[in-house]
Structure formats: C-alpha cells, structure tokens
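*Asks:* Let the hints inform the model, and build the full structure from the sequences given.
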Amino acid sequence: EMIKEIVANIKSDDLEILFRMDSGYFDEKIIETIESLGCKYLIKAKSYSTLTSQATNSSIVFVKGEEGRETTELYTKLVKWEKDRRFVVSRVLKPEKERAQLSLLEGSEYDYFFFVTNTTLLSEKVVIYYEKRGNAENYIKEAKYDMAVGHLLLKSFWANEAVFQMMMLSYNLFLLFKFDSLDSSEYRQQIKTFRLKYVFLAAKIIKTARYVIMKLSENYPYKGVYEKCLV
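For the sequence shown, the positions run 1 to 231 when this note's numbering is used.
Honestly, I wouldn't trust all of these hints.
[As the list claims (entries may be wrong)] Derived DEER-like restraints, expressed as beta-carbon distance ranges: (1) 52 x 224: 52 to 58 Å; (2) 154 x 192: 22 to 28 Å; (3) 154 x 27: 30 to 36 Å; (4) 228 x 111: 40 to 46 Å.
Since the hints were derived computationally from the structure, they do not count as laboratory data.
Beta carbons are placed, not taken as given, at the ideal position from N, Cα and C, and that holds for glycine.
*Replies:* The structure is reproduced here in structure tokens:
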C-alpha cells in the first residue's frame, strides 16, 4: 500500500519512477506491485542457493569492469516465484588472506552480490547505480540526526507534517547552498560540523544606551569562506 501511495502522489506522464531498494524488500509480491504500476525497480537480492549455484557454475561468463568488479546476468525464477526475472550478478575477489584458504568449491575466491531489476541498464551500470544508494542513505541519516526530522515535536499529525516539510525544505536549501557556494573540501561537511565551524562563533556582546552590538574577532575562523559566500 505504501508503494501504491507513493506512486499515486508523484506519478506523471513525463516521469519515470525507479524504486531502488535493499534486500529487505526482496519479495515477489513487492516486485509484482511495482510492475503492475508500470514502474522500474532495482532491488538487492538475497543470496539464495538458487542464485549462488548458477553464478558459481563454470559455464557462466563474467565481464570484467571497473574497480575489480565482474558482472553477468541470469534470467531465472526462484522457488515459489511465478516467473523468470532478470538478475545481475556482481563478483569481486576476496581479500588475499581469505583466498589463501583452500576450498573445493567453484568460485569460492569471490564474493557475490545479486540484484533483480526490470531496467534496461547494462549489468555494470546496474551495480554502480545501486551503490549510489549508499550516498542517499547518508543524506537520510544527516536529515534524521542533524535536522531532527525523526522527532515528533507536536501532538497534531498535520502540524508535524508541516514541520517536517519545513525541515526538509531547509535541508534542501542548505544542500543547494553547499554545492553552489562552497569548495569541494567544504561541501562534504554535514550540518552538525557546518554549525560548529560557521555558526557557533565566539563573540562579545556590548550594550550601549541605544544599541546592542555583537563584536567578532577581526580574524575569526573561516572568515575567507564567509567573504566568498557573500560576494
């Protein structure tokens, strides 16, 4: 139901939706739901014996790619599944110490990873695209812990939704600011670090008869970054 609601809220004629999911969503019912909605999916598969036995067969040809990665494809049906689907298999050599241990099993010198998808991406592109999910997880974690989007601040559901939307708007504006205005060495910082370096500045408050003045050191930390952003 959650998948159907997501699609109903964002689907349009010129928008292609792709669900990129971890192995917790590796289930044929979920896949069938996505297929019935006309959407694409890329899901990390569990290493069931049906897949590993085929992937380690000596007749399977792997294509060498980047970073020591080798990939191939299987069109197969798992036990209790209704039909064949496209599985992309990625393998990488185990660390040398692990490979030094003798094994009688074919292909035991490799670690294997499986992905099921209905996209038309090339095998290696499927793996690379899934690996980008880790970066998305970092954004989610940053929003959750540094922007407190995981907390319910009010009693009303709708009020909490409004607060959540404002938090996410603020977070996305912050990301745009980082990518647009900061150097590559700076924009990799998360919000918590950014606050400590650029927002939490030591200052002295001076009160006069008519004014309250905040005085910063003439050479306060990261002054150059401030001046660059203000230009």
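*Asks:* Could you check the hint for me, namely that residue 154 and residue 27 are 30 to 36 Å apart, CB to CB?
*Replies:* Between residue 154 and residue 27, where Cβ atoms are some 35 Å apart, the hint holds.
*Asks:* Regarding residue 52 and residue 224, is the given constraint of 52 to 58 Å on their beta-carbon distance met?
*Replies:* Holds: the Cβ-Cβ distance is about 54 Å, inside 52 to 58 Å.
*Asks:* Looking only at beta-carbon atoms, does the pair residue 154, residue 192 fall within the given range of 22 to 28 Å?
*Replies:* The hinted range 22 to 28 Å holds for residue 154 and residue 192, with Cβ atoms some 24 Å apart.
*Asks:* Is it true that residue 228 and residue 111 lie within 40 to 46 Å of each other by Cβ?
*Replies:* 44 Å, holds
Checked against the numbered hints given earlier, this structure breaks none of them.
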